[in-house]
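Taken in sequence, the protein lines are chains S and X. First residue of the first sequence? That's -6 in the numbering used here, and the numbers climb one at a time after it. First residue of the second sequence? That's 34 in the numbering used here, and the numbers climb one at a time after it.
No wet-lab data here; the hints were simulated from the structure. Every residue gets a Cβ at the ideal spot worked out from N, C-alpha and C, and that includes glycine. Any given hint might turn out to be false.
Stated by the list, open to error - To give a feel for the contact side, a few chain S residues facing chain X, derived at Cβ under 7 Å: (1) LEU(-1); (2) ARG23; (3) VAL35; (4) ILE65.
As the list claims (entries may be wrong) - Stretch by stretch, here's where chain X covers chain S in the computed footprint (C-beta under 8 Å, at least three residues): (5) 3 to 17; (6) 45 to 57; (7) 68 to 80.
Unchecked claim - Just some of the chain S residues that point at chain X, by a computed CB distance under 7 Å: (8) VAL(-4); (9) LEU22; (10) VAL26; (11) ALA27; (12) PHE28; (13) ILE30; (14) SER33; (15) GLY40; (16) LEU61; (17) ILE62; (18) THR63; (19) ILE83; (20) THR86.
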Amino acid sequence: MNVETLFALCACALVGIGLYGLITQPHPLRKLVAFNIMGSGVFVLFGALAKRGAAAGMAADPVPQALLITAIVVAFAATAVTVALLLRLIESTDTASLADEPSAGD
Amino acid sequence: MTTLVGGVVALLLLWLALWTVVARDAFLAVAGFVVYGLLLSLVWVRLAGIDVALTEAAIGGGLTGALLLGAVGRLRGTEVAAAAERSGAGTRVVAMVLSVAVSVVLALCVLALPEPAPTLAPQVARMLPSTGVGNPITGVLLAFRALDTLLEAIVLVIALVGVWSLAPDRFWGGRPGLRYMTDPDGILAYLARLLPPIGIVVGMYLFWAGADHPGGKFQSATILAAMWMLVQMAGLADAPRIDNRWVRGGVVIGPLAFVAVGVLGAWTAGAFLGYPDGWAKPMIVAIEIALLPTLVLILALLLNGAPARGGDLTALRSSRR
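Based on the provided sequences and hints, a complete structural model is requested.
Written out as structure tokens, the structure is:
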């Protein structure tokens, strides 16, 4: 198996692992970490496709690679907005719960 | 041998991802995520993406890790309550079936990819000399797909506006986060004096070398932002007020210069973001120079977060009147 197929399959598994964490972890910060893992799986898959496109003396197709750089920066910005939102949620409600129903203590 | 190394890296990556997702407490999960980000840069090296590897190590591992670690510290008290909401066994089984199904469908798609793979590399190789830059990634980012990069710069500004708008009214215009107080003779303060000159040189080198070698404004901006954060964390300088004119000007100058160059292109080369013959390199350099301060400011200010102290109450009162 060549390296791009290996990492492409690895990326598919990463997307699954991230999705599992996103659904099962109750804490929003854990969901955010899991979502980032899912996103990185998508990036690796895209990167493997770029490697498959090696041609004309280039080791990989530079167009998807350039888009990946853009994607990583935008993912950081989105994560920063989510963290700020989360901190504000805790500041104003004293809980990080995403549940609809107030818990028994309220 | 290369397959073996690749296999080991892939297994480690999967193990770390799984560990990060199921780890008992949030701090361990975030620590795992930082290591995962560093390992991911190795994957990018193996996938022949040195520029992507640099970006991943700097932003994916470094800045995102710092952001999440900061959040974990402030979320300590909420973890116990969240543990009570842990999903039941039924939900977990359904989630597992769904995740495995998604992974399997993706894997089947990967195995069914067409041969030979579609690629734009020959077109890039043919057109790159006309842009005057030697690094194909920089050529794509600032010439062939410049519109994407422009929109990205605008997205970053919007993200920063989003973070700032989460400030409570009374802190609007103030400074983000808490002021760091550390021992002025401690090791952190020492490092914060020693490292920035080196970091600035490395950052500027990456910025300048990005035209012909791996590197560029994003990687450079991250290193410069990290140096600024180090100085802030050591208590040597405070985070800037968000109503500072220089800060606000710096945040928008990159996208504005980018749009100006684009409009100039529409006038001289007949297309928005088009470059007239022989002028591609100077215009690309102009955009990069304008984008650098914007990226440094936005990356550092996103990490700083929403204003939390020192709001301008008088301005608020007069605006309410």
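Exercise. When the hints from earlier in the document are held up against this structure, which numbers fail?
Worked result: 3, 12, 20
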